[in-house]
Amino acid sequence: MLSAMDVMIHSSSFLLPCDETCGTRYALVVLNQNLPRFTPLLWEHAKLRLCADGGANRIYDELPLFFPHEDPFVIRNRYKPDVIKGDMDSIRRDVLDFYVYWGTKVIDESHDQDTTDLDKCISYIRHSTLNQESSRLQILATGALGGRFDHEAGNLNVLYRYPDTRIVLLSDDCLIQLLPKTHRHEIHIHSSLQGPHCGLIPIGTPSANTTTSGLKWDLSNTEMRFGGLISTSNLVKEEIITVESDSDLLWTISIKKTGLPVRDHKP
Amino acid sequence: MSAMDVMLHSSSFLLPLNPVDDTTGTRYALIVLNQSLPRFTPLLWEHAKLRLCADGGANRIYDELPLFFPHEDALAIRNRYKPDVIKGDMDSIRRDVLDFYVNLGTKVIDESQDQDTTDLDKCILYIRDSTLNQETSRLQILATGALGGRFDHEAGNLNVLYRYPDTRIVLLSDDCLIQLLPKSHRHEIHIQSSLEGPHCGLIPIGTPSAKTTTSGLKWDLTNTEMRFGGLISTSNLVKEEKITVESDSDLLWTISIKKTGLSIEDLTP
Numbered sequence: 022m023l024s025a026m027d028v029m030i031h032s033s034s035f036l037l038p039c040d041e042t043c044g045t046r047y048a049l050v051v052l053n054q055n056l057p058r059f060t061p062l063l064w065e066h067a068k069l070r071l072c073a074d075g076g077a078n079r080i081y082d083e084l085p086l087f088f089p090h091e092d093p094f095v096i097r098n099r100y101k102p103d104v105i106k107g108d109m110d111s112i113r114r115d116v117l118d119f120y121v122y123w124g125t126k127v128i129d130e131s132h133d134q135d136t137t138d139l140d141k142c143i144s145y146i147r148h149s150t151l152n153q154e155s156s157r158l159q160i161l162a163t164g165a166l167g168g169r170f171d172h173e174a175g176n177l178n179v180l181y182r183y184p185d186t187r188i189v190l191l192s193d194d195c196l197i198q199l200l201p202k203t204h205r206h207e208i209h210i211h212s213s214l215q216g217p218h219c220g221l222i223p224i225g226t227p228s229a230n231t232t233t234s235g236l237k238w239d240l241s242n243t244e245m246r247f248g249g250l251i252s253t254s255n256l257v258k259e260e261i262i263t264v265e266s267d268s269d270l271l272w273t274i275s276i277k278k279t280g281l282p283v284r285d286h287k288p
Numbered sequence: 056m057s058a059m060d061v062m063l064h065s066s067s068f069l070l071p072l073n074p075v076d077d078t079t080g081t082r083y084a085l086i087v088l089n090q091s092l093p094r095f096t097p098l099l100w101e102h103a104k105l106r107l108c109a110d111g112g113a114n115r116i117y118d119e120l121p122l123f124f125p126h127e128d129a130l131a132i133r134n135r136y137k138p139d140v141i142k143g144d145m146d147s148i149r150r151d152v153l154d155f156y157v158n159l160g161t162k163v164i165d166e167s168q169d170q171d172t173t174d175l176d177k178c179i180l181y182i183r184d185s186t187l188n189q190e191t192s193r194l195q196i197l198a199t200g201a202l203g204g205r206f207d208h209e210a211g212n213l214n215v216l217y218r219y220p221d222t223r224i225v226l227l228s229d230d231c232l233i234q235l236l237p238k239s240h241r242h243e244i245h246i247q248s249s250l251e252g253p254h255c256g257l258i259p260i261g262t263p264s265a266k267t268t269t270s271g272l273k274w275d276l277t278n279t280e281m282r283f284g285g286l287i288s289t290s291n292l293v294k295e296e297k298i299t300v301e302s303d304s305d306l307l308w309t310i311s312i313k314k315t316g317l318s319i320e321d322l323t324p
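For the protein sequence lines, the chains are A and B, in the order given. In this text, residue positions in the first sequence follow this note's numbering: the first is 22, and each later residue adds one. In this text, residue positions in the second sequence follow this note's numbering: the first is 56, and each later residue adds one.
It should be emphasised that the hints constitute simulated quantities derived from the structure, not laboratory data. Quick reminder that beta carbons are idealized off the backbone N, C-alpha and C, glycines included. Just to be clear, a hint being listed does not mean it is correct.
Stated by the list, open to error - Pairwise CB distance ranges (calculated): (1) E260(A) / A131(B): 33 to 41 Å; (2) L292(B) / G249(A): 29 to 37 Å; (3) E207(A) / T315(B): 31 to 39 Å; (4) E127(B) / G124(A): 47 to 55 Å; (5) D40(A) / K294(B): 49 to 57 Å.
Use the sequences and the hints to build the structure in full.
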């Protein structure tokens, strides 16, 4: 199917070892669930690192566990968030004091109960001077999945509410991104690090027709809807997957348990 | 006023078992999928008349149930909590676990030839066709381990709720439960406030809702539109012991499960 739509290219470069582009393209938001094992790698890739409220507890408590042979105090100093933002009802007092002492900017939004912690962090990043017209930051968020389902649904909704901002939700098991219907999509697969399990999920609205290439079970002007067919337990077969749809879709792909360095930096 | 039938919901499966006072007429079936067992799994097991493991869910029963009873012999626990059926495509269950339960008489149904349906699907079909599913009593299917892990698995499991709207299925984790509220009915949800809540939500997965109306929530909806990309009801709170919901669209209802009040001491028979 020939289409005049622009192509949006997707590539999980943030799972690759750091190169000279490190620290230029990404912002990291840490939410309040267990840190994925590749969090130090994401941290290295990021230009801006935020903790959403109790996400700061996770950085404080769990990052040292990734470096069992190093002094936790040293690790906590090395992995200091730039900003802690949110309604402050989960962050521990000792954690807050530690990061305030070391210069982390704290933005207390407890008066604003209308938006989620992830929302508040995304707004901050979008308005930040580090996020320039010429090179928009792509946002990586950990801890958005699992736990209470209403929280998870609210976090998925953030992807739909900011369709012009590239946001990737990450867990130990998988990543999720929005594929807006406004574009044709090319997804580049790093097959040593991700896949083969994948899916295309019409979470908000049914899709009357979606067409893909590069999957084990490709779609061909196929209808997808909850209550009927949705593409789950699919497999990537090629290194480039293409997707075109009349509806916004969530793309999800598994992250391999092996092959990902926990850390990639020179101390 | 609506002429629709009312569907009643109550998390009786979180209450202690009381055979003398079983007035609800509900018969439970339990499906265990392959994620960490919620801490109240022994309670669900006691409520259920039929217990199935979907493939690797059997590994979870074998490995994790004894951990809930640290003062008892693991073998005694494994004998006591023996699934009736293990069903699925058998690509996750460990050999030693399979042999153990086969030896004890668990029925094993190998569906590895059927790659078109999920493990949860296969188990639901089995239960619907079983003698547990009778005209005279209400069947409710409880499923653990449907959430978390790979998101495509989770989405496939949520889709099972939409694909069987006339079957009562509750997805359970340590943190919350999820049920479908079909648009065909008005809903009354009875809250066990010592065990669940207050955090709750109504999620229009699959299709937007042009109008939803609720009562009993902190932020009630009144002919309110909900859609992904706009407003969905999350981080809401239950205020009353009875919540009502009426919508033009199928919705997912979710409510948090309290960390206390469901201790092992409460749960052991």
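- [ ] Enumerate the violated hints, using their earlier numbering and listing them in ascending order.
- [x] 1 and 3
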